[in-house]
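Residue numbers (my numbering), protein chains in the order written: chain S, 1 to 270; chain L, 1 to 298.
Heads up, a few of these hints could be off.
As the list claims (entries may be wrong) - Residues of chain S placed beyond 12 Å of chain L at every Cβ, according to the derived structure:
no., residue
1, ARG9
2, THR79
3, ASP107
4, THR136
5, GLY164
6, TRP269
Unchecked claim - Residues on chain S that point at chain L, a partial pick, calculated with CB under 10 Å:
no., residue
7, THR165
8, SER169
9, GLY183
10, ARG201
11, PHE227
12, PHE235
13, SER249
14, GLN252
15, LYS263
These are computed hints drawn from the structure, not numbers from a lab.
These numbers were taken from a predicted model, which means no experiment stands behind them.
Virtual Cβ for every residue (Gly too), placed ideally from N, Cα, C.
The residues making up each chain are set out below.
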Amino acid sequence: MSALILRLRQSSHQRIDMSPFTPERLADMKLSDIVQLPLWQGNQQVACGDLFTLSGDDPQDIVIQSDSDRLDEIGSGMTNGSIHIEGCAGAYLGRSMGGGSLSVSGDVGIAAGCNMSAGTLTIAGNAGDLLGGAITGERQGMRGGKILVKGNTGDRAGDQMRRGTILISGNAGDYCASRMIAGTLVVLGEAGAKTGLAMRRGTLLLSQEPVSLPATFNDNGKHNLNFLTLLTRSFQDQAGFSDMWERGSRVQRWLGDLGCDGKGEILVWC
Amino acid sequence: MIINGTEIEETFAEAFGMAATRIIITAINPRWARIAGETMTGFATSVIGCGVEAGIESEIPPEASPDGRPGVSVLLFGMSGKALAKHLENRVGQCVLTCPTTALFSGMSGEKRIPLGKNLRFFGDGYQIAKQIAGSRYWRVPVMDGEFLCEETTARVPAVGGGNFLVLAETQLQALTACEKAIEAMLHLPNVIMPFPGGIVRSGSKVGSKYKALMASTNEAYCPTLRGLVKSKLDPTIMSVMEIVINGIGEDDVRLATRVGIQAVCELGAPAGIRRISAGNYGGKLGQFKFHLREVMA
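One chain only, chain L, in its complex shape (with noise of 0.2 Å):
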C-alpha cells in the first residue's frame, strides 16, 4: 500500500491490556488547569519507569466542567488497577492538590472504583469536609488559598496501552514534522493520549538487552546510525525514524488515533520525505491487540 509516495508496510503495531481512569482538573482559569494537568502528567511516559502513562486527553470549557471553571481532563494508564491507584493518589496528592485554585473530579463512571480525595482528604488533618452531592462524595480540604475540592473516588476501566507507528524519513527534521503534523491531527481526538515528550518518541525500544539489568534497550534495527553493523531494517534513503505511542480507552480509539495519525503523516508524505510507515510488534505473542497499518488504513 502506498499513500502519496509513502509506503505503508504490510506489518501490525502490537498493544497491550491496561487499566485506565480519567479525572477532570479545574482551576481559576485554563492556564492554572493546565498546568496542573501537566505537571501531574510529567515523567509519565512509560510504566517502565514511570509506573504510569498519562496525558491531557482535552481541554473542558466551563460550561462541560463540573463546578463551571474551565479545567483539562487526564487519562492515566497503568499496567494494573492497584499500580495506576497508587501512582494516581501521588501524582494528585503532588501536582493537584499543590496547584493553586484547582479541583479534581472523576471524569469517568463504573463499579471499579479507585481513590481519588479519599485519602487525600487527611491532609485535612481533621478539618475536612466531607459532602455528598448528587450521589457522588466530595472532600473539602482547607488549604492556604482556600479550599481544595476533590471527588473521593474516580473509576478504572480496561483500556488498550502501546499502540503504534513508525514514520521512516529522509532527514531528522523531516521525520520531526510530520510526526507534530499528526499529533497536532491526533490530539483532537477522545479517549486517547499519546503519552510521550509531544506525543513523539526517538527512543524506540526492543524488549531485553545485553546488560541483565535492562528490560528494553535501543531497537537497532531502526537506528540509522547502526546501519551497516546489525540487521537494519532501514534502507539507504532514511536517515531517521521517530514513533507515535498510542494508549486508548478502548481498541476502536487507538485504531481511529492510529489513522488519523497515519493519515496525516501522508499528506505530506513522499514530497516531504517520508518514505515509510512501520509500526512495533513482538512478532505477535506478546500483546493482546494487534492493530495491522494496512487494514487500519483500508
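With the rest of the complex left out, here is chain S (with noise of 0.2 Å):
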C-alpha cells in the first residue's frame, strides 16, 4: 500500500473544511468513494476529487500536498494514523486530536492543537496564536499529547491549557500560557510581553527572561529542580530539542499568577 495524496489543484478563496480527511474517517474507504467525499468549500460542498488530485490507497497514511492557508481543521478529531503536510496549513490544525501523528513542513494558522488531547503535533514553520489553546466557547485549551514548533508562535500559546506539552524552538508572542491550567510549556527563544498573565498552574520553561511578566508573578529565587532532568531528557528524540538536556536543571522560578491561584510557575534557565 502507498501513502493517500492530496494535492491541491489550485488556491481557493474560500476556505476548505479538511475535517472529513482523517484516517479513521477514511478507513474502509476506495480511492473511487474519496474522490466523492464531500467537503465544505466556503458555505458550498464540492467533491473532493473536484478539488484535489487523489492518488495513493492508505488512509493511514496521509499526505496533503498544499501552499494554501486555506486549508482548515486538518486532521480534527483525529486517533491514529498519520497527517503529513508538505507545504501550509490553515485554521485549526489537529483540532480536538486524540492520537496518532500530523505533521506540517511549514506555516500554520491560528488555534493549532486547540483541543487536542493525545497523538503528536509537529510543526517545521511558524504557528498562529492560541497555538494549542482553548477557542472561543471552550473552557479548556490542549489536554494531552504533544506539539513542537520549530519557528515561532503567536500570542497565547497555551493558553487555557489543561495538560500536555509544547515545544517552541523560536519566539513565543504576547500572553504566552495566559490562563494556563496545568501541562508544560517550553520557549527556547523569546517570550512576549505580559508572559503568564492569569496563569493558575503549569510550568512554564524559558531559555531567557520574557519581554515582561504580569507585576502579580512573585520571584521565587533560584533553584535546582530535578524533574528538568526527566523532562529534558524525555525530548532527546525530539529533533532541534535533542540538546535541551545539557542546559542542566538549575533556573531562575516565578511564582504566579497570585491574581488567580498562584501556582503557576515560570522557570528560566541560569
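The two chains are supplied separately, each in an independent frame; assemble them into the complex guided by the hints.
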C-alpha cells in the first residue's frame, strides 16, 4: 500500500473544511469513494475530486500537498494513523486530536492543536495565535499530547492549556501561557509581553527572561529542580530539542499569577 | 553429591509465591541513596513480623538512573499485592520522603500498578505539582530541602520468596565466613535479595510451636545445643548452622542465586570446616516452588 496523497488543484479563495480527512474516517473507503467525498468550501459542498487530485490507497498514511493557508481543520479529531502536510495549513490544525501523528513542513494558522488530548503535532514552520489554546466557547485548551514547533508562534500559546507539552523552538508572542491551567510549555527563543498572565498552574520553561511578566508574579529564587532532568531527557529524540538536557536543572523561578491561585511557575534557565 | 569435600544433601528448598516490586531511589550522592535504601529496607526480614521482605538489589550509576543522579534499586516482597502496597507506602513515606535529597521512581513496568507517590503527594498540602513526562506521572512535593520528586505508581509482579540453603559447619566462625562469602557472590546478581541481616539467618524456623500464639519457632533439628535431646539432623562434627534465604523475581533468579551461593560456600569446602549443605522445606506440601539442591548444582 502507498500513502494516500492529496494535491490541491488550485488555490482557493474560500476556506476548505478538511475535517473529513482523517485516517479513521477514511478507513475502508476506496479511492473512488474518497473522490466523491463532499467537502465544505465556503458555504458550498464540493466533491473532493474537484479540489484535489488523489493517488495512493493507504488512508492510515495521508499526505496533503498544498501551499494554501485556507485548508482548515486538517486532522481534526484524528485518533490514529498519520497525516503529513507538505506545505502550509490553515486554522484549527489537529483540533481535538486524540492520537496519531500530524506534521506540517510549513506554517500553520491560528489555534493549531486546540483541544487536542493525545498524539503528536509537529510544525516545522511558524504557528499562529492560540497554539494549543482554547477557542471561543471552550473552557480548556490542549488536554494532552505533544506539540512541537520549530519556528515562532503567535500570541496566547497554551491559553487555558490543561495538560500535555508544547515545545517552541523559536519565539512566542505575547500572553504566552495565558490562563494556563496545567501542563508544560517550553520556549527556547524569547517569550513576549505579559507572559503567564492569569496562569493558575502549570510550568512555563524559558531559555531567557520574557519581554515582561505581569506584576502579579513573585520571585521565587534560583533552584535546582530535579524534574527538569527527566523532562529534558524525554525530548532527547526530538529533533531541535535534543540538546535541552545540556542546559541543566538550575533555574530562576517565578510563581504566579497571584491574581488567580498563583501556583503556576515560570522557569528560566540560569 | 560432594563438592570440595562438602556434601550436598539430597533435599530441596521450598519456596512460595509472593508479590514483588522494584523501586529506584536516587540522591545527591551514592551515600545518601544508600542511606535511604537501607532505612526503608530495615526491619524487613520476614513477612511474619515485618509485613514485607525487602533489600537493596543493586547500586545504580548516574548514567543509568532516571534523573542522572546515583541511586539504589530496592526490591520489596509481600504475601499479597494489597500487603505489598500498604507497606511500600508506609516505608517510602517514612524513610524516603524524609531522607535528604532523595527522589523516588518506579523500577518496574507492568499492568498491575500500586501507589508510590499517589498518596504521598498529599504531604504537599495542596502545593504539590503533577508532571506528566514520557508517559509517566510524577509528583513534585515541596519539602524543606527543596523538592521531593516521586513517580505516581510502580508495578508489581508475581515473585518467588523463601528460596534457601543451610550451611552446616564445624564452628560458628566457619559457618559465618562461608555465608559471608556466599552473600558477597550473590549480591552481584540481579532480581534477587537476601532479606535477613547481612543476608544470613541464624535462627531458621519451623512452622508452628508448642505455644499456640506463635506461628513459627526454632528449628530444633538444626540446633547444635539440642543434639542428644531432640531428633537432630546434625552429626557430632557440626557445631553451627546458618541459613541464606533468597527472594527473587523469578524461579530462575532464585535457582541461579542458590547455585552461586552454594558454589561460593563449596569453594571453601571441607578444608574450611564446611561439612554439608542442606535446605529448609515443609515436606513439599506448602510451597509452590521446589529447588532440589543436587539439580541446582548439577
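Now the hints, each set against the structure:
With a least CB separation of 41 Å from chain L, ARG9(S) remains clear of the 12 Å interface cut-off, as annotated. With a cut of 12 Å on Cβ distances, THR79(S) stays outside the contact zone with chain L, its closest approach being about 17 Å. Under the 12 Å C-beta cut-off, the non-interface status given to ASP107(S) relative to chain L holds; the minimum distance is some 28 Å. Here THR136(S) stays apart from chain L, with its beta-carbon at least about 27 Å from theirs, past the 12 Å limit.
Against the 12 Å criterion, GLY164(S) falls within the reach of chain L, whose nearest CB is about 8 Å from its own CB. Against chain L, the non-interface label of TRP269(S) holds: every CB pair exceeds 12 Å, the least being about 16 Å. Residue-level restraint check for THR165(S) holds (minimum Cβ-Cβ distance to chain L is 8 Å; threshold 10 Å). Evaluation of the SER169(S) hint against chain L yields a violated restraint, the C-beta minimum of about 19 Å exceeding 10 Å.
Hint status for GLY183(S): holds, given a least beta-carbon distance of 8 Å to chain L, under 10 Å. With its C-beta approaching chain L no nearer than about 7 Å, ARG201(S) sits inside the 10 Å limit, and its interface hint holds. For PHE227(S), the shortest C-beta to C-beta distance to chain L is roughly 5 Å, which falls under 10 Å, so the interface hint holds. Here the hint on PHE235(S) is kept, as its CB sits about 9 Å from the closest CB of chain L, short of 10 Å.
The restraint placing SER249(S) at the interface with chain L holds, with a minimum CB-CB distance near 9 Å, inside the 10 Å limit. Against a cut-off of 10 Å between C-beta atoms, the interface hint on GLN252(S) is violated, since the closest Cβ of chain L lies about 15 Å away. The closest approach between the C-beta of LYS263(S) and any C-beta of chain L is roughly 7 Å, which is under the 10 Å cut-off, so the hint is satisfied.
In the structure shown, a violation is registered for the earlier hints numbered 5, 8 and 14, in ascending order.
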